[in-house]
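Chemist: Residue-level listing of the chains:
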Amino acid sequence: MPGMNSGINVSDPTVVAAFKAALVHQGLIALLIFALVGLAWITFRVWLPAPAPGAGPAAEPLAAAAAEPAWRRLLRIGFGVVWVFDGILQAQPKMAVGLPSQVIEPIAASSPRWVQQVVNWAGTNWSYHPMQAGAASVWIQVGIGIWLLVAARGPLSRLAGLASVGWGLVVWVFGESFGGIFAPGLTWMFGAPGAVLIYAVAGALIALPDRVWYSLWLGRLMTAGTGAFLVGMAVLQAWPGRGFWQGTAQGGAGTLAGMTGSMAQTSQPGFLSAWISAFTTFDEAHGFAVNLFVVVALAATGVVFLSGRPRLIGPVLAGFTVLCLADWVLVEDLGFLGGLGTDPNSMIPFVLMATAGYLAVSRTPAAEPAVPEPAVAEPAAAEPAAAAPGSGWRDRVRLARNRVRPQAVRRSVATASIQSVASVGAIGVIILGAAPMAVAQASPVADTILAQSIDGSSNPVDFPAPAFSLTDQHGQAVTLASLHGKVILLTFLDDTCSVDCPLIAQEFRQAGQLLGADTNRVELVAINYNPLDTQVSYIQAFDHQEGLTGVPNWLYLTGSLAQLQQVWRQYTIAPPEILPAGSMIGHGDYAFVIDQAGHMRQELDFDTGPGTQATKSSFAAELTDAAQQLLGHS
Amino acid sequence: MRGRPPAALALAVLALAVVALAAGCGSPAPSAPRPAAEAPPGGAPFLATSTVTAAGTWAVAVMGGPVAQENNFWQLFVRPAGTSRWQLVTPPGTADNGGLVLADAGGSLITGFRPSQYLTYTPLTLTRDGGRAWSSTGPLDAALANVPDALAAAPGSGHLLALLTDGTAELAAPGYTSWTTLTTQRSLAATAAGRTCGLQDLTAVAFAPPGTPLLGGSCGRPGTTGIFADTGGSWRAAGPALPAALAGQPVRVLRLTSTPSGTVALLTAGTGSGASLLASWSPDAGSHWTLSPPLPLHGAGLSSASFGPGGSAAVITTTNSGQIMTGAGSSWLSLPPLPQGTATLAPGPSGTADALAVHGGTLTVWQHVPGGTTWAKAQVINVPIQYGSSS
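Those sequence lines, one after another, are chains A and B. Counting in the numbering used here, the first sequence runs from 1 upward without gaps. Counting in the numbering used here, the second sequence runs from 1 upward without gaps.
Isolated chain A (complex conformation):
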């Protein structure tokens, strides 16, 4: 897919070091956020007197009848831990550069074109700003996880659930290609319908209002939904012609064995690889039996869950948990190994969801206690009484305005629980991750870190640039002196080159576009680097090919072979090499920055690298930055 791959080595030391530095920097800020929020909380508690008995908000609910239901607590804590774990996985060194090309692109490869286009848009954006994107994924997920863990009840807890839904759907669409549901080979065993979708479902359940927590129908809905899903997956697994009934096919491994066989080759502990290889061998020999077992197990589990009977669900849940764990190890290979694993895949979330459903039908209290909204303190009793329901919008507006009065805010902060304070801190961590990426997205240009990772940074110089006198694409004579007063971005291009020179030309062209109002103060100059095709007609053809005809500040210069050779020598670039047997001219890639007085200020090694959209944009940004420095813009 075009665009998604920045082309940089995923372990490139420059990028990895920058990513680590960004994470450490933001990690310190995250700690600072928690520290400041905590300090503010403590301070307000010290300044403000304690509210009189009967006045102000009720204390934290103490009655056991108001306790959070077990199923909700399981989902909240379970998925909170999983989100934190996923966030930590996103901090792996290879993630910043490797996620789009090594994870997202392969997942989308077998999906329909429209899915690939959706995914490619996100992947391309990531490739342009890998540091910010990688860090954002870390802190957003860690923040959501902490938020779920600390916010047990109340509006903040429900908001945490919604945050889980929102980010889960983002990851499901762009990171998991809709969980692969539009691609061939969909199966529960490989993680259908996408692990993160289960996170989103859990978040939606956590976000439900308190009044439905203890309702009987919710538990039944959860178990019935789980059951229907498993029955559906059983039917899908049993569907003929999808390759799961055969351990081998056409002399090779069948669908399941092929997948697990490739899993066994990934970097992981030896014992794990051995288990997976052994399972692969077993499946190749007994593919029908393995699939039959899975189909029966899924179907039976699904039917039991559909029944909604806790006495049946309990024992079946234990078996289903074993099945999930076995699949998690032997088929999904734990999901997070190899340096680019993003999550533990789907089996742990499945177990959490199924167990929560069981708890929801088996431990629902007989009565639904009245549960007051805790933690976020209500205004003091001296405040006007809350508007009665149906008393009109004016009263609601007055109530809301009362809540945001400084006195009310201070009181709310002072009486907030530690869980609320921690929740605010977690929200701050999410913003810490999201904000830099949002700011980066505002720029259409890729980070210069990509160019620097390919060619390194240049050292500044300051000496008179060698003079030249050549002919431009219009047949007019051009000298270096005639360009004094302008910043010159200079390169050497082979006019019949089929690989890197067109890329460099595009980078120069893009740099010209980025200069905007400064265009008339910068000259983009290329000098012919081909010793055989020196005619003006050839540089005109190259300009036409690259869309540079008519670019006002573009000059492509040529001359006689002797003139060109002299310029190549004076600029100390490697002479072009005429290679045999149908090869193009052998040459290097260079860029120079010359100031308005004709002094050389930067010499750039300008190897284009993989020539992806992201790297081209990055090189263009590097040129633009260099020019703007000389123009006096920071």
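None of these hints come from the bench; they were simulated from the model. Each statement offered as a hint is correct.
Here are the simulated distance ranges between beta carbons:
| hint | chain 1 | residue 1 | chain 2 | residue 2 | range |
| --- | --- | --- | --- | --- | --- |
| 1 | B | Thr374 | A | Ser110 | 43 to 51 Å |
| 2 | B | Gly175 | A | Val461 | 37 to 45 Å |
| 3 | B | Val369 | A | Ala109 | 48 to 56 Å |
| 4 | A | Ala109 | B | Gly388 | 24 to 32 Å |
| 5 | B | Val369 | A | Ala285 | 56 to 64 Å |
| 6 | A | Ser110 | B | Ser84 | 49 to 57 Å |
| 7 | B | Gly388 | A | Asn459 | 24 to 32 Å |
| 8 | A | Ala109 | B | Ser350 | 52 to 60 Å |
| 9 | A | His544 | B | Gln379 | 39 to 47 Å |
| 10 | B | Gln379 | A | Gly456 | 44 to 52 Å |
| 11 | B | Val369 | A | Gly252 | 45 to 53 Å |
Just so it is clear, CB atoms sit at the ideal spot from N, CA and C, and this is done for glycine as well.
Put chain B on the given structure of chain A with help from the hints.
Modeler: The following block gives chain B in isolation, referenced to the frame of chain A:
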């Protein structure tokens, strides 16, 4: 419990419906009908050919590695007139992963580099000494068509006729920096001759003596040969009439070229398993033609077609069968089984032929004498392929 069975049942039905949809949507799509063969990136094998000029016999063949990795490089070889040894004379300076196209300009040979990767126009180069030295000329600021007869030079005037990938035919005077449009496929199809043919595409350009531009293409109307001659600005049909047995067949011009003895064309009549190959010769710009007997192709295509002295021709089918004919009006003769990797044939006088076989960067020349049942290895050339230079 009240309400549970219907809700659970509804959920189960919904799940099954989704599963059925998923199984259908997610299943591999059925195989699409195979499309008509088109040139792959990097130059079609059909560009492999040989031709004869005053300087000698020239051959074009692709060597090296896979197209997908841009490690395929087209090579030009020459067997100088009066000698039996081949020499590597690939023109330097431009990556030729897209293919090489030749045009005999009388005292010189012009070579066009077909576009490849980011090179989208056509550099031209010229040799006057049998490939020992090359000088840059042109360029053609457009993409040369992916056929071996995309370039033709007029004897005497040296005008160059080029067929572009979009079906435009352009003309330039020596120097080849200023090109004018001679016609387009659409314009030609709208002429009377083009309508009679039902012209679908253009496949070749040539000059007939004394410098009449010729265009060849595919006709949609059965029984009509799509060869057209430019007579002072208007186009007339100039192709051969087909024998009655083939009158109802659609005809495609595969090759159209000028030789010292006139114009030679290779035609396919019919499609699929019923297609046959005909050679035709004209000494007078298409007014009169001599046709060869048809050669049944049995569903095969051509991977190479070459022309030699005296109107001789040689072809290699996609089933690796070699056929040769010695001149105008002669019959097709089967060659012995071709050496492995034979890229093109160079027919010689009296039914002789050289087979140029490729294996990676090694070219092996095999020779055949009439009546012989085998090929004799004559020469090996190791070509210094610059692997990775186009990556």
